[in-house]
Amino acid sequence: MKILIKNGRVIDPSQNLDAVADLLIEDGKIAQIESAIRNPQSATEFDAAGLIVAPGFVDIHVHGRTPGQEYKEDTATLTAAAAAGGFTTLCVMPNTVPTLDNRSVVEDVLSRAKSEGNGVRIYPIASVSLAAKNEQLSEFADLKNAGAIAVSDDAFPLQDADFMRRVFQYARTVGLVTMLHCEDTALTGGGHAGVGRGGGVMNEGVVSTELGLRGMPRVSEEIAVYKACALAREVGNRVHILHVSTRGAVAVIRSFKAQGVPVTAEAGPHHFGLTDEAVRGYNTNAKMNPPLRTREDCDAIIQGLVDGTIDCIATDHAPHAAHEKEREFDGAPFGIIGLETSLPVSLQTLVEKGPLDVTQLVEKMTTAPAQLLALDAGTLKVGKRADVTAFSPDENWILEEETIRSKSKNSPWLRQTMKGRVKATFAGGKQIY
Amino acid sequence: MSEPKKLMEAADIARALKRVAHEIIERNRGLDNVVLVGIRTRGVPLSARIASHFEAIENQTVPLGALDIALHRDDFHLRAAPPQKTAIPCDISGKVVILVDDVLFTGRTIRAALDALNDFGRPASVQLAVLVDRGHRELPIRADFVGKNAPTSHEEKVSVRLQEIDGEDEVLILTADERG
Amino acid sequence: MKRKHLLGLADVSATEITQILDTAEAMREVLSRPIKKTPALRGKSVCTLFFEPSTRTRASFEMAAKTLSADTSSLTVATSSVSKGETLKDTLLTMAAMGAGCFVIRHPSSGACELAASFSQKFGYDFHIVNAGDGCHEHPTQGLLDLLTIRQHKGEIAGLKVTMIGDLLHSRVARSNVHGLLKMGADLTLCGPQTLLPPEFGLLDLKMTHDCDEAIEGADVVMTLRLQNERMNGVFLPSVREFAALYGINARRLKRAKSDAILMHPGPINRGVEISDDVADGGQSVILNQVTNGVAVRMAVLYGLLGGEEN
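Residue numbers (this note's numbering), protein chains in the order written: chain X, 1 to 433; chain L, 1 to 180; chain C, 1 to 311.
Next comes chain X alone, as it looks inside the complex (with noise of 0.2 Å):
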């Protein structure tokens, strides 16, 4: 099986590559990338003619929802909806039902994705913590020996500083990067927990005060990732602060980094793409955790993945069905789809807005996340896994409810235009979108 993808403009960061060529991919691995490749009789050919060809994107920051939750997503549409959006690997969180804490739960999620799935990889993470309780840690060897790739505490951010330390030394011991969820949650009334039960539902600020709804402080996260990097000061593990959403929490990792602390960052695309006015009306689409914050926010984030304080951009794909979007913004979850529209809105904010290249982009959604959390991913080096997503950086389209492959519709970005779109995914040298 050969398939060649002709005249598209080559994007590489792993290899520092960008130039017009042709790409040849055979027997589920990239053979070639060459000007003016001759086609071999028997290969498929793809016209790339104006597009952007790009290892296939990375996603370290997914809620996969399987097990447990396949109301909201399953395995077939979680990878339907990446491939749309032109991801090929996904790493998902642990808050599943039962929670992903140990090695039966990480089969589970990793046999669905062989048997269930379109090729797009699936990474479990684990949960730091057994049943997401924050009390006793989980079996970190065990699980990376069935396959996780990290432990997290997405959801159910680690409040005691003793267990933190703890997570992290043992984390360091087993050799997994700790993934955290920084808030704190005596500031934001609960967090998660405090859905329905009177905690905080959006940022802390003029809308807030406006709507009455009880606010976020931005400080909570601040006071969070100094904690946490200071711990990993301390200890020396590998940190990977997830969801960046305050110019505090970017200044803070910012110093660390320069202290040479090993700590990494994400942030999502709606949190540099959107402010707290998109609460107003309250719609619950606009609702997440951490929630959208200000405009100084967005531009200290895009600072930050400029200067490289953020390393890379993870969506938070957090798929809720409409009956549990449908309801009084108190009570509704946190948490939007984004996997489809990361590569439009990054585009939009970033390159046609912002001050990052396509090229740097492109790293941010491919090369830099695969290298954070050492995945063989990310790449279009000769022999490497075929995972390649090609895309027209300036295709208008409307983002419709009925197109959307994602079982859930809970994006803040419905009915909106997107300019910029994926032509054509490839996982393992076959064509899934």
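If you're looking for bench data, these hints aren't it; they were derived computationally from the structure.
Only a predicted model underlies this, so the values are computations on that prediction, with no experimental measurement involved.
Even for Gly, the Cβ is constructed at its ideal location relative to N, Cα and C.
Please note that a few of the clues may not be correct.
[Unchecked claim] To spell it out: a stretch of chain X is covered by chain C in this simulated footprint if at least three of its residues, at any positions, have a beta carbon under 8 Å from a beta carbon of chain C; those stretches are:
| hint | stretch |
| --- | --- |
| 1 | 139-145 |
| 2 | 329-342 |
[Unchecked claim] Straight-line alpha carbon distances no greater than 16 Å define the calculated EDC-like cross-link-like pairs of lysine to aspartate or glutamate that follow:
| hint | chain 1 | residue 1 | chain 2 | residue 2 |
| --- | --- | --- | --- | --- |
| 3 | C | K154 | C | D187 |
| 4 | X | K325 | C | D90 |
| 5 | X | K325 | C | E86 |
| 6 | C | K258 | C | D220 |
| 7 | L | K85 | C | D90 |
| 8 | L | K85 | C | E25 |
With the hints as your guide, set chains L and C onto chain X.
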């Protein structure tokens, strides 16, 4: 577009109101039990003018009220006019209430006014005085005192303009185009 | 009125507010009649849907609807937590299927009325929504009745010095009044401890202070807000005693206002906390006028929403 037709001049209005005042006094053999109630909007200044004729003729002041019928209309679902204050100066039970309005047309305003009046007591009788009766009744209602009978077509509109509200006294007949 | 719902005063113009207040004046006259009943809303069905206990607001709306001859029904939905039980959508559609054409909603979640309004016409039923208080967001009829009360006592609202004191953070009454008073041109001062006075209010065209005596100085209108029980002791305030000492209105403090200043409170009053007994029952208190005006304003709102468009 044709010019609006002038049905009454200021002098005609004055003469008609004076005659109506005389007729009311004559019908009720004086004014002892009479209460004047103007229907908002233009019935109110008209009733005040009739009251001043009463003073001139009989040297007698009668209680003068104003009735807003917005809350009693039968076309509420089509248009809800902002209601204004109703002011009934005394208990009207046992009194002769003279309702005053500018134009009598379908009779629906008067129906609403009779209904509204009910909430203030049980009058001995209710009589109706109008400046213009233009016909086209849709309810079994008639006026007791009429300033001027004016046959009109259904499409026309009779516009009563009064000094107190519009700055001048005149009654016009407007055709459909002029009504816009 | 050309609107379908009354969700808050944030999107109601000064002209529209004036129109509602004018109508409410006429409604006050109806309430003074020997027979307090007019047929304007005959055949209309108004459903009060309360997800939070409230006796006076509900009674006020029901009296308003009944005075205008609407049929009323009521549903009290006990909710210990908004994340449990029947959804607002299902409750609403169930009552709409029974024929309710207008819902008066009280709900503990901010924005619940916006959500309710979004269901009208979407599932085959057409209805009006009137916000009777949603979370910490708005309580527009309370704002309107306060404006009516001020107008009655002071004439023009524009240029009046109005001081609002107490828990501005959690008060939906405060938010509606801030919108209403600013639109009508009042010179507004907000006063409370910083724990209950979000700094974001300072971005509006108003003054803020933590000093109650300073706030009251020269005021035409002193408006106090109800302090919710659950906020009285703990993290927002150390004690009722200290709040009363710093922000309670008593005769001595009220003397700083203009001699003809009026004193308002949305009720129910915590006597001796927000207002001392002597001033609550004193000559400057217009608290009971507010209650009467509440019925008149709600009549005006129902009349305006349920009637056809004025032509």
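Evaluated hints:
Under the rule that three or more residues need a Cβ within less than 8 Å of chain C, the assignment of the stretch 139-145 of chain X is violated, with 0 such residues. With a threshold of 8 Å between beta carbons, the proposed coverage of the stretch 329-342 of chain X by chain C holds, since 3 of its residues qualify and at least three are required. For the given pair, K154/C sits about 14 Å from D187/C by alpha-carbon distance, which is consistent with the 16 Å threshold. For the given pair, K325/X sits about 14 Å from D90/C by alpha-carbon distance, which is consistent with the 16 Å threshold.
The hinted pair formed by K325/X and E86/C meets the criterion: a straight-line CA distance of about 14 Å does not exceed 16 Å. For the hint linking K258/C to D220/C, the alpha-carbon distance of about 6 Å falls within 16 Å, and the restraint holds. Simply put, K85/L and D90/C have alpha-carbon atoms about 41 Å apart, too far for the 16 Å limit, and the pair is violated. Pair hint K85/L plus E25/C holds up; C-alpha atoms about 7 Å apart against a cutoff of 16 Å.
Violated hints, listed in ascending order, are 1 and 7; each of the other numbered hints is respected by the structure.
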